[in-house]
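Please work from the sequences and hints to get the whole structure.
At position 226 of the sequence shown the residue is numbered 226 (full-length UniProt numbering), and the sequence of numbers has no breaks.
Source of the hints: derived by calculation from the structure; they are not laboratory data. Each statement offered as a hint is correct.
Below 35 Å or equal to it, Euclidean Cα-Cα: the simulated DSBU-like pairs (lysine-lysine) are:
(1) Lys353 to Lys374
(2) Lys402 to Lys52
(3) Lys123 to Lys353
(4) Lys12 to Lys374
(5) Lys434 to Lys273
(6) Lys371 to Lys353
(7) Lys270 to Lys426
(8) Lys426 to Lys414
(9) Lys398 to Lys414
(10) Lys403 to Lys434
The structure presented is a predicted model; accordingly, all values stated were derived computationally and were not measured.
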Amino acid sequence: MKVKVLSRSEEKDTKETSTDIVKSHKNLDPNLHPLERPREYMRALNSVKIDKLFAKPFVASLTGHHDGIFTMRRHHNTINCFASGACDGEVKIWNLTTLSERSTIKAHEGYVRGLSFSWEENKLFTCGEDQTVKIWKLDPIDHQCDGEVVSVFRGKHSFTSVDCQRYTNTFATSGINVEIWDANRASPMQTLSWGHASVSRVRFNPIETHVLASCTSDREVILYDTRQQSPAQKLITQMRSNSIAWNPQISHMLALANEDENAYQYDIRKLNKAMSVHRDHVGAVLDVDYAPTGREIVTGSYDKTIRIFTNEQYNSREVYFTNRMQRIFSVLYTGDANFVLSGSDDMNIRVWKANATAMLGPLSSKQFSDKNYKEKLQEKFSEIPQLKTIKDHRRVPKAIYKKRYVKNVVHVSKERREEKQRKFSKQNLGPKKKLLSQHTITVEK
Numbered sequence: 001m002k003v004k005v006l007s008r009s010e011e012k013d014t015k016e017t018s019t020d021i022v023k024s025h026k027n028l029d030p031n032l033h034p035l036e037r038p039r040e041y042m043r044a045l046n047s048v049k050i051d052k053l054f055a056k057p058f059v060a061s062l063t064g065h066h067d068g069i070f071t072m073r074r075h076h077n078t079i080n081c082f083a084s085g086a087c088d089g090e091v092k093i094w095n096l097t098t099l100s101e102r103s104t105i106k107a108h109e110g111y112v113r114g115l116s117f118s119w120e121e122n123k124l125f126t127c128g129e130d131q132t133v134k135i136w137k138l139d140p141i142d143h144q145c146d147g148e149v150v151s152v153f154r155g156k157h158s159f160t161s162v163d164c165q166r167y168t169n170t171f172a173t174s175g176i177n178v179e180i181w182d183a184n185r186a187s188p189m190q191t192l193s194w195g196h197a198s199v200s201r202v203r204f205n206p207i208e209t210h211v212l213a214s215c216t217s218d219r220e221v222i223l224y225d226t227r228q229q230s231p232a233q234k235l236i237t238q239m240r241s242n243s244i245a246w247n248p249q250i251s252h253m254l255a256l257a258n259e260d261e262n263a264y265q266y267d268i269r270k271l272n273k274a275m276s277v278h279r280d281h282v283g284a285v286l287d288v289d290y291a292p293t294g295r296e297i298v299t300g301s302y303d304k305t306i307r308i309f310t311n312e313q314y315n316s317r318e319v320y321f322t323n324r325m326q327r328i329f330s331v332l333y334t335g336d337a338n339f340v341l342s343g344s345d346d347m348n349i350r351v352w353k354a355n356a357t358a359m360l361g362p363l364s365s366k367q368f369s370d371k372n373y374k375e376k377l378q379e380k381f382s383e384i385p386q387l388k389t390i391k392d393h394r395r396v397p398k399a400i401y402k403k404r405y406v407k408n409v410v411h412v413s414k415e416r417r418e419e420k421q422r423k424f425s426k427q428n429l430g431p432k433k434k435l436l437s438q439h440t441i442t443v444e445k
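This is the structure in structure tokens:
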């Protein structure tokens, strides 16, 4: 009779130092572990419940403004620095690390309509309803401003937004039309227009730096190339767009915050249909911003909520609100994509976690590995109904819940009515228009 015994070398099983990892001997044959999948499912379910139970998305509130916050912009090179402009003409520069303000500037008479940090130099561009664009000098170390105005540019009309071009001293303003300025000249180098509608927002592409986009009050989104003397393309939509944002990682992707309670993402190479539609809001979407990763967008709405969408999802991943928060005029991602900022009508800037369940502060190696393990388990069982229901459920105010229910009923009944008309009508109504194409009326070149 032959007997097999376990024989291990002492050198291979003994730790050389106290910090070495002890080798574990385990047979991974699934036949020897019949309860492995039920055990992992229960762990995934428990982790989802614990995440929902301990989620605390609200971080802090930044007070100091004396009127509603209308616009915000982050510093391109410093993660913890951003600026905010209020309706009383006051601009504040903030330190996110200490949650305190760095400087306060009385910049304009009336609304501060636009802010932009220069890409290369420590300068802040502001524009307002007093028909001026001002450049403010910032300290290169702590980014404070002593109120020194470097330059003042006067226009023939009030300005609605300003944005700086990357790698140059050029900046663009919007108002009656789009104007391209040089920081060293007192008059605009180019005046770009297409139609007679006023322009509400203008943004330079951070990758293709000669391309900029604007949205007008006449439901148009117009693309320009500063190397040409005329606009490149015009997209006419069903309703007006309130804000516009470029994807920082994909040069041809564009996000629109629209008056029809939806946010849209377009590929500028093919504007005849949207790439994705985000439909969870029940009020006009007033602002939109991309995460620095380019994979998510954050939107602020007239319905007093903030929503975070992934690029492919129809519904929002997160929804944030408070009892005292009013209409959201401006939203912003921080440079590290870990936090979201919101500026509202109640004179407060609120700081939120981009991931409601994320832990603040540094993680130990054990916490980090445990976090990754739970995320993989939740991803593995993400389509299980019980787990999916718990993970996707979000509480919202009663008024928003009712409006969203009515919106869904109207949408379903409209789809059903159009389908019956297409089926029983004597007229040839043609094929059903897809959801991604319904927002677009026409594209002109």
